[in-house]
Amino acid sequence: MDVIIYATEKSLDSYKFNLLYNKQLFIDQLKTNNLGKRTIDEGSMDEKSGMNFSEYVAILSGNTDLLDKAKLEKQIAGLESEKQAFNRSKYSAKYKLEDYTAELDKAQSRYDRMSLDWNNLQERIQKRSDGIITNPVQLDGLPPNADIKQIGAKLNQLADKARTGGDYEEIGSLYGFQLLVKTEMSQKDGVDIRVNRFLMQGEGNIKYTYNNGLIAKDEKLAAMNFLNALEKLPGYIEQEQKKITEIQKDLPILQEVINGTWSKESRLSELKTELAAVERKIQLSIKQETKEEPAEQTEKQKQTPSISENIVRIKGVRLPRGVL
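Residue numbers (the working numbering): 1 to 324.
These are calculated hints, taken from the structure and not from any lab test.
Virtual Cβ for every residue (Gly too), placed ideally from N, Cα, C.
Treat each hint with caution, since some may be false.
[As the list claims (entries may be wrong)] Straight-line alpha carbon distances no greater than 27 Å define the calculated DSS-like cross-link-like pairs of lysine-lysine that follow:
| no. | residue 1 | residue 2 |
| --- | --- | --- |
| 1 | K264 | K287 |
| 2 | K149 | K161 |
| 3 | K96 | K264 |
| 4 | K281 | K16 |
[What the hints assert, rightly or not] Ranges between beta-carbon positions, derived for each pair:
| no. | residue 1 | residue 2 | range |
| --- | --- | --- | --- |
| 5 | K94 | N119 | 22 to 32 Å |
| 6 | Q255 | D2 | 47 to 57 Å |
| 7 | K127 | G260 | 51 to 61 Å |
Use the sequences and the hints to build the structure in full.
What follows is the structure, encoded as structure tokens:
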């Protein structure tokens with residue numbers, strides 16, 4: 001359905017549209033929660049034509065200078081809004097660059113320490129004649145030649161009875177890695193829940209787990225827990241390498257945004273200069289009209305007879321006003 005708006009030049013329609021213009025600003029501020037709305041494009045009555053209320057007011061006033069002023073103000077508001085968005089993106093890029101740089105340092109540190117652990121493992125690892133990696137787990141309280149069942153049983157015993165109070169407690173070793181257990185406390189439905197998690201730590205001071213640190217009830221699977229954790233080490237190193245590569249790709253882009261300059265600064269200055277010229281022209285026209293109005297009133301007063309000179313005609317007879 002087409003909506004056609006009719007307005008009359010030099011009438012109260014100008015006043016009405018000015019009220020609507022102010023109401024529109026207020027409503028837009030509430031909708032967008034933006035107190036700086038008055039420095040941004042005030043919106044339009046018609047999405048196709050783009051004419052806003054201030055332009056309608058200028059047209060209805062019959063002064064083309066006011067229309068030029070409204071158009072210039074709209075362009076300036078749009079450019080200032082664009083400039084603000086550009087500056088916000090620069091500040092955002094600056095903070096993001098700081099975060100990315102810190103994250104890169106952390107990722108690089110983890111990558112180096114994991115690589116150290118992996119290299120140490122490659123030097124110490126033992127394999128059987130068929131190429132299978134051996135699992136020489138050494139647990140405190142067990143003989144060096146303990147079999148898989150003994151190791152699995154010991155780990156299940158620790159899973160049930162260990163109480164570390166939230167600290168890491170060393171329970172053995174595997175290929176130079178420390179084997180640790182930690183008791184974690186939580187509550188569910190008002191009931192205390194105690195869980196013992198098993199981890200291993202190398203010279204890089206990074207802790208590795210398998211199955212989220214939980215020991216399987218099966219003795220054979222329980223004994224393989226730490227060896228399985230070490231087999232995940234290459235995957236961890238690859239993840240850190242990917243993260244480092246992604247961050248390194250983003251850093252130059254962020255740096256470019258931070259060092260960039262807004263390309264429309266000169267255009268904004270030109271528009272402001274034009275607006276100042278139009279405003280001076282409008283002020284001069286207002287002063288000119290103000291000077292002309294008293295002169296017109298004086299001329300009218302000369303043409304209007306005074307009270308003593310006023311007379312009325314009744315049936316062609318001229319009588320002094322005082323007679324009536």
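Discussion item. Please verify whether K96 and K264 have alpha carbons no more than 27 Å apart.
Written reply: 25 Å, holds
Worksheet item: Is K264 within 27 Å of K287, Cα to Cα?
Response: Measuring from Cα to Cα gives roughly 35 Å; hence the hint is violated.
Practice prompt. Given the hint that K281 pairs with K16, test it: the Cα-Cα distance must not exceed 27 Å.
Written response: 25 Å, holds
Worksheet item: Okay, K94 versus N119 on CB: inside 22 to 32 Å?
Response: The hinted range 22 to 32 Å is violated for K94 and N119, with Cβ atoms some 38 Å apart.
Practice prompt. Take a look at whether the Cβ-Cβ distance between K127 and G260 falls inside 51 to 61 Å.
Written response: Check passed, 56 Å falls within 51 to 61 Å.
Worksheet item: Can the suggested window of 47 to 57 Å be confirmed for the beta-carbon pair Q255 and D2?
Response: 52 Å, holds
Worksheet item: Within a Cα-Cα threshold of 27 Å, do K149 and K161 meet the stated pairing?
Response: Given pair K149, K161 holds - Cα atoms ~18 Å apart, limit 27 Å.
Taken one by one, the earlier hints fail for this structure at numbers 1 and 5, listed in ascending order.
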